[in-house]
Every structure is written in C-alpha cells, then in structure tokens.
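S.K.: If you want the building blocks of each chain, they are given just below.
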Amino acid sequence: MEVDERAWVDGLRRGEPAAFDAAFAAYRRRIYAYLLRMTRRKDIAEDLLQEAFLRLAQAARRLAEDTRLGPYMFTVAHRLVISWARAQAVRAQLAGDLPVREVAGGERSPLDAIADSQQQLALERAFASLAPAYREVALLVGVEGMTPTEVADILGHKPEAVRQRLARARTQLAAALGDHAPAAWRTP
Amino acid sequence: MTTEDDVKGLGELSRELPAIDLDASTAERIARRARDDVGKGPSPRRFLEPALAALIVFGYLVWVIVKILEALR
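So the protein lines, in turn, are chains A and B. Position 93, counted from 1, in the first sequence is what our numbering calls 93; the numbers after and before it change by one each time, with no gaps. In our numbering, each residue carries its 1-based index in the second sequence increased by 1000.
Just chain A, same shape as in the assembly (with noise of 0.2 Å):
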C-alpha cells in the first residue's frame, strides 16, 4: 500500500474529511469512467458515484488498517452496477420485456461526445458493444491496470472464471476492431 494511502486510510478512520477529500480526488474520476462506461448513461453513473463515495464516507470508521482503497471503492461500484443492472431488468419486466433506457445502437451515448477522434470514438464503441461481464472485466484489466487475480476478488469471481472472460472479451474487441486491433491479436 501507497504512503499516501495508508494516511488517507488513517484519516477515514478518524473522521477526518480532509481525508476524504484526498480519496474522493484520487478515484473519483477512475470510478466515475468505470461507472460511465459500464452504465453507459452519465446521470446514473453520477449518482452512482456519489452513492459509491456516500459508503466510503459512512464506513470510514469501520475500515481495517490494511484497506486499500482502489480495490474497495471498485468492489463498491461493482455492486452498485450489478443493482442497478437488476433494477431495470425488473423494470424492463415489469414494462413488457421492453429495454428501459438502453442506449440504442443509433442513439448517441455520452460516451461518443468524449471521443477526440474516429479512433477513440470506434474504440469507445467496440468496448460499448461487449457484453456487460466482459467489459468490466476488460476495463478492470485494460484502463485499471489490474491483474486478473485482483478483478476475481473486486468480482466475487475465481481467476479462472475472469481469465475466460478475458479471452471473451479480447475475441470481441478484436472482431469489432479489425485492423486496429491490438498487432497480438490478429490471426496471421
């Protein structure tokens, strides 16, 4: 664990906002992608997130010495997503079977108003276009530079189980990205 970590720990179990504040600013915008991109709707991923950093907040004084607080506050937006993901199938239910809110293929996503380029925009939707498990499982390893083994444990999952949906998750991307496709990934 980080210095600056092990202090902001210290501080959340003292009650201190300040170090709260210094938490909120390292991961607020690593939490708040990972929610955008897995919700693909910025007025959920902003409540999201501030749901996420409400559980923080009011279990600052429960935290074990030893938390590490990315693979914490991943393992809270984790829940959160698979929640709200139940919440509208019941809903999508409840409505007939109709999608509630899905971003269509044609819609515009917020995501592609982010995009700089065609080729973040094509990127942007190649990881849109993955099934749910598998981009979390590919923006956890991808984006957070996580190793599979601490996704299985954000997850609930065994490292195998998240290996496979790794391998998934790369045979889509690269389908979806064809040329621009990692150099590794295209079958000579």
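You can take every hint at face value.
Below, simulated EDC-like cross-link-like pairs (lysine to aspartate or glutamate); rule was C-alpha separation at most 20 Å, straight line:
no.: 1; chain 1: A; residue 1: Lys-158; chain 2: B; residue 2: Glu-1004
no.: 2; chain 1: B; residue 1: Lys-1040; chain 2: A; residue 2: Asp-21
no.: 3; chain 1: A; residue 1: Lys-42; chain 2: B; residue 2: Glu-1028
no.: 4; chain 1: B; residue 1: Lys-1040; chain 2: A; residue 2: Glu-51
The hints are simulated quantities; they were obtained by calculation from the structure and are not laboratory data.
Fit chain B to the known structure of chain A by using the hints.
M.R.: Just chain B now, with coordinates in the frame of chain A:
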C-alpha cells in the same frame, strides 16, 4: 493466445481511450454531500423499514398464537 497477450493488448487499447471526468460543479456537489457523512455511519432511516416490518410480523405472530390458544381453551 495467453492471458498475458490479452492483458498486454487491452493495456495498449485502453491507453487510446479518451479521458473521462466529471464537471467540476458536479464533483464538488458529490464531494460535499458525502463529506458531511464521514465517520457518521449509515443513516438510522436505513434501519427503520426492516424494523417496522419485523414489528408487524412479530405482532401478527403474537396475534395468531393468542387466537390459537383461545381456540384450544
């Protein structure tokens, strides 16, 4: 293809993804809202609903037991 190839390729792709951030006012609003709760623990309102449900179920059970005892007398 190995897991290492998957990880390496995803790392390469992810570096090309655009940076994502909240606008400053939204970030400040969220931080302010959460900061107020630092160290306070979950709101008591969170426990109100299950407590009420437990009370109603318990009351109903007591009523059923009383009725059964009355019938047995």
